[in-house]
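2 protein chains.
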Amino acid sequence: MSSVHLTDVVLRDGHQSLIATRMRTDDMLPICDSLDKIGYHSLEVWGGATFDACVRFLKEDPWVRLKSLKEALPNTPLQMLLRGQNLLGYRHYADDVVTAFVHRAAENGIDIFRVFDALNDLRNLETAMKAVKSAGKHAQGTICYTVSPVHTLDLYVEQAHRLVDMGADSIAIKDMAGLLTPYATKDLVEALVNAVDVPIHLHSHATAGLAAQCQLKAIEAGCRHVDTCISAFGGGTSHPATESLVAALKGTEFDTGLDLEALKDVGDYFREVRKKYAGFESEFTREDISVQINQVPGGMMSNLASQMKEQNALSRIREVFDEIPKVRQDLGYPPLVTPTSQIVGTQAVMNVLSGERYKTITNEVKRYLQGGYGKSPAGVDQALLKQAIGNADVEEGRPADQLSPEMERLTSTIGDLAKSEEDVLTYAMFPDMAETFLREREDGTLTPEAIPEAEGSSRPVSEG
Amino acid sequence: MSSVHLTDVVLRDGHQSLIATRMRTDDMLPICDSLDKIGYHSLEVWGGATFDACVRFLKEDPWVRLKSLKEALPNTPLQMLLRGQNLLGYRHYADDVVTAFVHRAAENGIDIFRVFDALNDLRNLETAMKAVKSAGKHAQGTICYTVSPVHTLDLYVEQAHRLVDMGADSIAIKDMAGLLTPYATKDLVEALVNAVDVPIHLHSHATAGLAAQCQLKAIEAGCRHVDTCISAFGGGTSHPATESLVAALKGTEFDTGLDLEALKDVGDYFREVRKKYAGFESEFTREDISVQINQVPGGMMSNLASQMKEQNALSRIREVFDEIPKVRQDLGYPPLVTPTSQIVGTQAVMNVLSGERYKTITNEVKRYLQGGYGKSPAGVDQALLKQAIGNADVEEGRPADQLSPEMERLTSTIGDLAKSEEDVLTYAMFPDMAETFLREREDGTLTPEAIPEAEGSSRPVSEG
Ligand SMILES: [Co+2]
Ligand SMILES: [Co+2]
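Going down the list, the sequences are from chains A and B.
According to my numbering, the first sequence is numbered sequentially starting from 4.
According to my numbering, the second sequence is numbered sequentially starting from 4.
One or more of the hints may lead you astray.
Remember, identical chains collapse to one label, so a pair may be satisfied in a single copy or spanning two.
Below, a list of computed lysine to any residue pairs in the SDA-like style, where the Cα atoms sit at most 25 Å apart [what the hints assert, rightly or not]:
| no. | residue 1 | residue 2 |
| --- | --- | --- |
| 1 | Lys267 | Gln298 |
| 2 | Lys62 | His106 |
| 3 | Lys73 | Thr255 |
| 4 | Lys73 | Thr341 |
| 5 | Lys189 | Gly254 |
These are computed hints drawn from the structure, not numbers from a lab.
Quick caveat: nothing in here was measured; it's all calculated off a predicted structure.
Excised from the complex, chain A in its bound form (with noise of 0.2 Å):
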């Protein structure tokens, strides 16, 4: 046996999952010194809702942000999480696209990519993949975890395989939604680490409580690589603390090997940090049992909440409750995470309030059933598939084949706003509102938004 490393999330997940993405770079740059002494395998930093957040409410560039991060931390890897053929954006690129960003995050200080896909779609990941093997990176596959009669252990084993084929250089368990439990960690993690030789990584939210639980589970059946996050942006609906899981592996066959003082100043540097993001703090970022009473997870059931509440609904938020496991049946058990949670709670919503199951069917619901996402984990309803599109053909190839390179006209539409191929990516994921930004960089008039006063703010969140 040998020591576990632990990647320390606070720059990402911790503060995308706790105050909305909000952290601004400048309250990073001060601690970096110590972070990068602490000795952690990897700092997860960039990607995820990372990359919008930047551009649409702090008004700083994300490229530059990374830049920043690079230099401040010489000595430890960069992470970042990549949605595969969707990038950082909310549609799938064409693959000059994918290439592109890899190859300019790579260039600018990630060191490792961890790639998923949705529907664990593995022909979303392909280009990504490739593209960081071609940038000579850490290209980490990634299972999206969810609980299905088709997400079986062989399932999870046959997938990580094909990740390897892929050149996956370690392979990440992403359960944001803190689906696991401890035993079906350690089932999960001992079918991986029989079946593949590269490292298996845990990711699992504490939404439910349980995820502390798992780690040690996952460790004890040899997973060597977990991702925590510092105490001050630890727990809830993030994931378990660092100090914490050091402490419990502290002498043991297990020991992490890092300093708890160090840690600890760590922890006391972001506690003080978080108070000014007080305004972002949401009830819906604390630990809820509910996800593992009906899959529903957390960040999904309170935009629910949200839009039962504006349709003057909110009585039968339950019914809505009821039928997500019905509708996430109907389209062959995808996991829940952006963008399937919005596709299958909008129609759950609908098929309550409108009284009658499919009576309106949204257009996301019918682009998901041609298979415009990529291929569901089962096969989804005929009769719903027959209803939402009739005699139209089902498109059944990578969902990117049916996309022409874009760079091109990316970087002709943008134009003279782009100083680098950076600024075209940034333009390619959010189109209006990169060029907002570019404009205003270029007339020097960005303003970050103001930070709201603190107030028990009941602000929807998305799992991540």
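The hints should help you fit chain B with the ligands onto chain A, whose structure is shown.
Chain B with the ligands alone, transformed into the frame defined by chain A:
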């Protein structure tokens, strides 16, 4: 193997740990019917600091609370925490008071008595344990967990044997500070399970973020009784969430059999209740790794911070934290819990502020060194002993042997204000405060304290 049984501590340790023991009976009774149907092994509802808080702040008769809870919870065994010869007060009582107290508690509804002594001096448990047995109730002997060169597995096993010899129907491991780590828990529970035939109960505070893992390792090692707290009052300096452990064990050989949906309703109820007491929340009740670094419990650190602040010496608090282990060593490694945490902490502050160790020695340290609290776990520093008490004798007998019966005197002193033996016992616990309470009750002028406005209080807390 068999299923795991849970004790929920929300009505005692949960609110004691998180909202300064302020939950009122009126906020307990409406949910009792639901709690009673859950199927808990027991509910901890009384003792610890609740008795004091009822009389001092809430102006509730603690005996009336107990009777009301017993009536509202007819199907679930009720449990209390008793400080051995200290009962629920802050001095040693004569044996007749201890016996009377236990008998009245049993008569009014307590089924399970968890009895402990801060020094693990079992002579301080003798009378209470005998009284529980003579009342025909469940006597749970307690091991206060701490870490020191003399606190070996062998010592704990020997203590367990002696507790069983005293008639203990079960043994509780009381980790009031959150010092246990998962693998230390495994070793301790294994040793105890192998040594004695009675059930082992685990009571571990989540202070350092390790307790959920400790619970899991304890269960795997054969522990079948675990203390948890419904999530609304779980985590931080309280206990891991009940719902989480139920979900973690669901479908395994350890399955608790409890219903998550029913628990969720209970959690939702208490989440609303907690809001009402927001003014008693404290930043010192959050998860904090410090105790794993310097063995100073969270509650003790916050109290010391207050003391140092009053002396305008907050900047020297780290010197105090460094001094505490030294004082504790000089005193023979007492576990740090009321009253030893105060005794050690205050002396450490003096040692730092006076610029010379033991320039001044507190009366409590002198009394401790003389054996006034019982026998210290290891020998005390001989030079300090000599300096503190000169040639005076060290009392080596059971402290309570020095005390003559007191019930008669107490009964006559309080006179007509006491309407029952219960009232006399209340008077015994807190003479001045209880006299006021009983008089105001007679006058019909009892007035509960006002509930303060919610605002980031930094109120110190006590560990329990
Ligand atoms: Co995540
Ligand atoms: Co306690």
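Cross-check of the supplied hints:
no. : hint            : verdict
1   : Lys267 x Gln298 : between (35 Å within a copy, 14 Å between copies)
2   : Lys62 x His106  : within (23 Å within a copy, 69 Å between copies)
3   : Lys73 x Thr255  : neither (33 Å within a copy, 45 Å between copies)
4   : Lys73 x Thr341  : neither (28 Å within a copy, 49 Å between copies)
5   : Lys189 x Gly254 : both (22 Å within a copy, 14 Å between copies)
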